[in-house]
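Novice: Listed below, chain by chain, are the residues.
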Amino acid sequence: MGCAEKDVADAVRAAAGVVRRHRDELVNLDRPIGDADHGENLGRGFAAVVAALDAGVPSSPGGVLEVVAKTLISTVGGAAGPLYGTGFLRAARAVGAAEELDAATVAAALRAALDGVVARGGAQLGDKTVVDALAPAVAAAESAAGGGADVAGVLRAAADAAAEGAESTVPLVARKGRASYLGERSAGHLDPGARSASLLLRAFADHAAGSAG
Amino acid sequence: MGCAEKDVADAVRAAAGVVRRHRDELVNLDRPIGDADHGENLGRGFAAVVAALDAGVPSSPGGVLEVVAKTLISTVGGAAGPLYGTGFLRAARAVGAAEELDAATVAAALRAALDGVVARGGAQLGDKTVVDALAPAVAAAESAAGGGADVAGVLRAAADAAAEGAESTVPLVARKGRASYLGERSAGHLDPGARSASLLLRAFADHAAGSAG
Amino acid sequence: MKKIINDPGTVVLDALRGMALAHPDLLRVREDPAVIVRAEAPVPRKVAIVSGGGSGHEPLHGGFVGHGMLDAACPGAVFTSPTPDQVAAAVSLTDGGVGTLLIVKNYTGDVLNFETAAELAAADGVEVRTVVIGDDVAVRDSLHTAGRRGVGGTVLLEKIVGAAAERGASLETCEELAHRVLDRVRSMGLALTSCTVPHVGEPTFALGEDEMEVGIGIHGEPGRRRVPVGTADDAVRHLLDPILEDMPLGEGDRVLLFTNSTGGTPLIELYVAHGVAERLLAERGVRVERRLVGPYVTSLEMQGMSLTLLKLDDELVELWDAPVSTAALRWGI
Amino acid sequence: MKKIINDPGTVVLDALRGMALAHPDLLRVREDPAVIVRAEAPVPRKVAIVSGGGSGHEPLHGGFVGHGMLDAACPGAVFTSPTPDQVAAAVSLTDGGVGTLLIVKNYTGDVLNFETAAELAAADGVEVRTVVIGDDVAVRDSLHTAGRRGVGGTVLLEKIVGAAAERGASLETCEELAHRVLDRVRSMGLALTSCTVPHVGEPTFALGEDEMEVGIGIHGEPGRRRVPVGTADDAVRHLLDPILEDMPLGEGDRVLLFTNSTGGTPLIELYVAHGVAERLLAERGVRVERRLVGPYVTSLEMQGMSLTLLKLDDELVELWDAPVSTAALRWGI
Ligand SMILES: Nc1ncnc2c1ncn2[C@@H]1O[C@H](COP(=O)(O)OP(=O)(O)O)[C@@H](O)[C@H]1O
Ligand SMILES: Nc1ncnc2c1ncn2[C@@H]1O[C@H](COP(=O)(O)OP(=O)(O)O)[C@@H](O)[C@H]1O
Ligand SMILES: [Mg+2]
Ligand SMILES: [Mg+2]
Ligand SMILES: [Mg+2]
Ligand SMILES: [Mg+2]
Chain A
1 MGCAEKDVAD AVRAAAGVVR RHRDELVNLD RPIGDADHGE NLGRGFAAVV
51 AALDAGVPSS PGGVLEVVAK TLISTVGGAA GPLYGTGFLR AARAVGAAEE
101 LDAATVAAAL RAALDGVVAR GGAQLGDKTV VDALAPAVAA AESAAGGGAD
151 VAGVLRAAAD AAAEGAESTV PLVARKGRAS YLGERSAGHL DPGARSASLL
201 LRAFADHAAG SAG
Chain B
214 MGCAEKDVAD AVRAAAGVVR RHRDELVNLD RPIGDADHGE NLGRGFAAVV
264 AALDAGVPSS PGGVLEVVAK TLISTVGGAA GPLYGTGFLR AARAVGAAEE
314 LDAATVAAAL RAALDGVVAR GGAQLGDKTV VDALAPAVAA AESAAGGGAD
364 VAGVLRAAAD AAAEGAESTV PLVARKGRAS YLGERSAGHL DPGARSASLL
414 LRAFADHAAG SAG
Chain C
427 MKKIINDPGT VVLDALRGMA LAHPDLLRVR EDPAVIVRAE APVPRKVAIV
477 SGGGSGHEPL HGGFVGHGML DAACPGAVFT SPTPDQVAAA VSLTDGGVGT
527 LLIVKNYTGD VLNFETAAEL AAADGVEVRT VVIGDDVAVR DSLHTAGRRG
577 VGGTVLLEKI VGAAAERGAS LETCEELAHR VLDRVRSMGL ALTSCTVPHV
627 GEPTFALGED EMEVGIGIHG EPGRRRVPVG TADDAVRHLL DPILEDMPLG
677 EGDRVLLFTN STGGTPLIEL YVAHGVAERL LAERGVRVER RLVGPYVTSL
727 EMQGMSLTLL KLDDELVELW DAPVSTAALR WGI
Chain D
760 MKKIINDPGT VVLDALRGMA LAHPDLLRVR EDPAVIVRAE APVPRKVAIV
810 SGGGSGHEPL HGGFVGHGML DAACPGAVFT SPTPDQVAAA VSLTDGGVGT
860 LLIVKNYTGD VLNFETAAEL AAADGVEVRT VVIGDDVAVR DSLHTAGRRG
910 VGGTVLLEKI VGAAAERGAS LETCEELAHR VLDRVRSMGL ALTSCTVPHV
960 GEPTFALGED EMEVGIGIHG EPGRRRVPVG TADDAVRHLL DPILEDMPLG
1010 EGDRVLLFTN STGGTPLIEL YVAHGVAERL LAERGVRVER RLVGPYVTSL
1060 EMQGMSLTLL KLDDELVELW DAPVSTAALR WGI
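Residue numbers (our numbering), protein chains in the order written: chain A, 1 to 213; chain B, 214 to 426; chain C, 427 to 759; chain D, 760 to 1092.
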């Protein structure tokens, strides 16, 4: 499979569809331990991303990721906007001017995204945030790439690890973001951001698998 | 039976008890076609009347009625305050300095009260107001007194007629007071003021019957 | 019933005490009988403007006591007109020697109690005039009924007549001005939810999850009809159409548009509705020259809104713009 | 969901348009990105004061744009912090050449978005300082968590710093003053009912008929605990005690007491609560010298209240009293 700008753009469109279909789920996850807007925020952002891509797909995978980043930053707001925005921006920079993404580049982009999210938000593993999905996803992606997996394989490994990482947030007491105000009462709930991170990675993986198949 | 100031004061206290017990009923009658306060208003007023009488019973029946009037005027507010206040004030004047009330004086006092209510509020029979209870009550009282009934008999006749008069308001479309804003939608409801007038007359009649027996 | 109160029996008095503490520069509160009085009352040689009505409509009327508006307000029990004693006390506490104008909303109770008070005041030698406000187009005007209710127009009338009195207008002038405002002001309201009167403890009326009551009274009295909750455009049309039917306005007419929350409707919705109303008026060529947007005539926590339109002329604009310093309206000072 | 809106997707923009129409003398609205700007901005050689946050808290912040307070406010989606573009636009529209102070409530989203904006503005050559407000004692303060939320103290800080900027204070002075206010201001809130976010359509949380949530956040975030609804005295103690535990006050201390409605609680109840709070403070010898009572930091139609205490000194009193002319606060002008 190729992974040129068009493929990346298609993967992003697929992710936007997933966000749209999971909007209410993400809103409802954000209700007991937040402010009931995570699905609305990402929905608004990814709708704008699709509109931006409809207006014209940039000429490189990194260019696509940069459009995603800037659009999310300027339309999402909340905690998710700057965090996902920074993540995509760092991924874009990691990818640079490459015309196609290979497995190693995808793993490097994920690592850069995670570093960006941590740099911006200051969360550590176990704080009950997106980081709890992203960090294991990056580790799994790197080891898959190291083991010779292709792009679809790297993304599948990342998505699997992210899903597990997201689930791991349920018993945690939040130490960052809005859920942290609840203290002990935040335990027993899935973190909406970890869930959305896992959904996005699954969407990318499914798209890569589909293109590959 | 005598009907001196103490008897009138006791009758008023009895009426206050009836108002208290029917507070919620009168509030609820005032809910669909008014503003849900008639029982609260009269309850507040008659509680103040009892307090005034506790502080000292005037030396004539007319004096008692005047205290009732002034206390209702200064504590009830709403439509009921000035209307009942004026009614009791006119009754007090009709009774004058008499030391005891006889059947004819009671009938005359009721007539004066009705005239006062009509002068103040401008309602006619059939407008769905207190007048629909009071007017038949006065007619019945006058004919009972003319037929030789005693005070208890006059009041019983008045109370019976008032009860029927109050019931007659159910199908009426209100033309005075707050219920008139509803137009046709006011039909099908008992008028709270007519109901309270009938309750007061029944309390007086019961008290007179009890003292007589 | 969920309310931040200590006792339904003392809620009005407790609120008055809190109000006195909150606004020591503007007003004083007399407790028995209850009256809210402008801090510097009586103002010598100024016509006193006195209003009042049931409590539960805050900031009406106590929030409008102060320079350029009311000299006193008489707060009755919740949704119950004040007693004559209160009004008489207000008149005597604010008498500046040149007469008093009583501003009364047209409800049987208010009219009768103020009437009695006016008789008492006249007996005390104060020259008293009374103006009765009936601006609610939801109620059909008729001599055979209680007539139109006084609602949102009250605020505008109190502001404008208060400004004239502050400038030294005579009692006659104030009275004439009040009637001029009355001729030119119309209102209508709607409710999305009921309110709960503290001494009742349950909602005054029940509305279905998708219903609203159009033509609602400010005490939760039922309105003209129930309709499904629609868009903000629908809601505004339900209010504006009957107003404009009653008081036709068109190309070049100048108005003050007052978009009022009945309490529970938040400002974000009120601004949405206000924007719709301005747009619909602009489409007819009506020029909105002044506005008031906020919760000024409320019915406790009721969700809903009302619109009031006042046809302006230069004099009314000038009086509206004149300085006012009260708890709820303040500008130019 | 019963709301007077046209579309949950456009409610913020529709409200902004209504707001612009309602206050043409005070402010202008830019739509894309959305910014509410003081009518006379940029004011040359005045430090610009810019704030913002999620919508649904009206009049916060747009209602405080005007002379003596904010130069611009950035309204996010309902309960969602604004984007960096909005803040950057606000900074460039209000830059008077002597720097900009960004006032940010401490929520992860607000902090991150304003941070990005500050980087953009600095790149544009505007000197920008940021002050982050965390005055909510319901949240335990800790370096390991998101820290205290910014709530009612925001209004007082915006007023006081706005007054200093209006008088020509430098960016450093404004920043120092903001930190001085922060050191001396504490808040806590409670809710009797939930609010309903338009894009959600259902209440954010469920409370039993006799329960209230103490320590509620202004976005309906759960608080410290649920307790039975009691008297107004109980409610006020639930708020005042933790504030005074965090910031002890006693004999002779001078304070501003801000009694705030979260939206659905009517003024009559708010005045009851305010009276209680003044009484409890007086019992401790604390001198309430200034007050603010009303719905200023709301959570849509949520019923509830918050208390904010600011420890005063002569300078803060003077800045509080300084003229202000905004949609929601206006005096002396
Ligand atoms: N400091 C942080 N670092 C990483 N992720 C964070 C941080 N704070 C919040 N989050 C993530 O953001 C999610 C909430 O996003 P969203 O609801 O869109 O924003 P907001 O909390 O401003 O309403 C949380 O579920 C969490 O995963
Ligand atoms: N003009 C009137 N004449 C006679 N009775 C009237 C008139 N207006 C109202 N009423 C009576 O007053 C009753 C309502 O009293 P109340 O509820 O205490 O006052 P309000 O209507 O001011 O709330 C009505 O049920 C009616 O019987
Ligand atoms: Mg959220
Ligand atoms: Mg009534
Ligand atoms: Mg009443
Ligand atoms: Mg949010």
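Keep in mind the hints are simulated off the structure, nothing from the lab.
Computed from a prediction, not measured in an experiment: that's the story for all the values here.
All C-beta atoms in this analysis are idealised placements derived from N, C-alpha and C, irrespective of residue type, glycine included.
Keep in mind that a hint or two might mislead.
FRET-style restraints, in silico, Cβ to Cβ [to be verified]:
{"hint": "1", "chain 1": "C", "residue 1": "Glu744", "chain 2": "A", "residue 2": "Arg20", "range": "29 to 35 Å"}
{"hint": "2", "chain 1": "D", "residue 1": "Gly1044", "chain 2": "C", "residue 2": "Asp567", "range": "31 to 37 Å"}
{"hint": "3", "chain 1": "D", "residue 1": "Ala965", "chain 2": "B", "residue 2": "Ala400", "range": "35 to 41 Å"}
{"hint": "4", "chain 1": "C", "residue 1": "Glu709", "chain 2": "A", "residue 2": "Arg21", "range": "37 to 43 Å"}
{"hint": "5", "chain 1": "B", "residue 1": "Ala217", "chain 2": "C", "residue 2": "Ala548", "range": "54 to 60 Å"}
{"hint": "6", "chain 1": "D", "residue 1": "Arg996", "chain 2": "C", "residue 2": "Pro749", "range": "36 to 42 Å"}
{"hint": "7", "chain 1": "C", "residue 1": "Arg555", "chain 2": "D", "residue 2": "Glu1010", "range": "50 to 56 Å"}
{"hint": "8", "chain 1": "A", "residue 1": "Gly17", "chain 2": "C", "residue 2": "Pro749", "range": "45 to 51 Å"}
Novice: If you check the beta carbons of arginine 555 of chain C and glutamate 1010 of chain D, does the distance land in 50 to 56 Å?
Specialist: 51 Å, holds
Novice: Can you let me know if the beta-carbon spacing of alanine 965 of chain D and alanine 400 of chain B is within 35 to 41 Å?
Specialist: About 40 Å separates the Cβ atoms of alanine 965 of chain D and alanine 400 of chain B, which means 35 to 41 Å holds.
Novice: Indicate whether the distance between the beta carbons of glutamate 744 of chain C and arginine 20 of chain A respects the range 29 to 35 Å.
Specialist: 55 Å, violated
Novice: Determine whether the Cβ-Cβ distance between alanine 217 of chain B and alanine 548 of chain C falls within the hinted range of 54 to 60 Å.
Specialist: 36 Å, violated
Novice: Taking the beta carbons of arginine 996 of chain D and proline 749 of chain C, is their distance inside 36 to 42 Å?
Specialist: Since the Cβ atoms of arginine 996 of chain D and proline 749 of chain C sit about 40 Å apart, the hinted range of 36 to 42 Å holds.
Novice: Falls inside 45 to 51 Å, the C-beta gap from glycine 17 of chain A to proline 749 of chain C?
Specialist: 59 Å, violated
Novice: Is the gap between the beta carbons of glutamate 709 of chain C and arginine 21 of chain A within 37 to 43 Å?
Specialist: Since glutamate 709 of chain C and arginine 21 of chain A have Cβ atoms about 40 Å apart, the given range 37 to 43 Å holds.
Novice: Evaluate the given range 31 to 37 Å for the C-beta pair formed by glycine 1044 of chain D and aspartate 567 of chain C.
Specialist: 58 Å, violated
Going through the hint list in order, the structure does not satisfy hints 1, 2, 5, 8.
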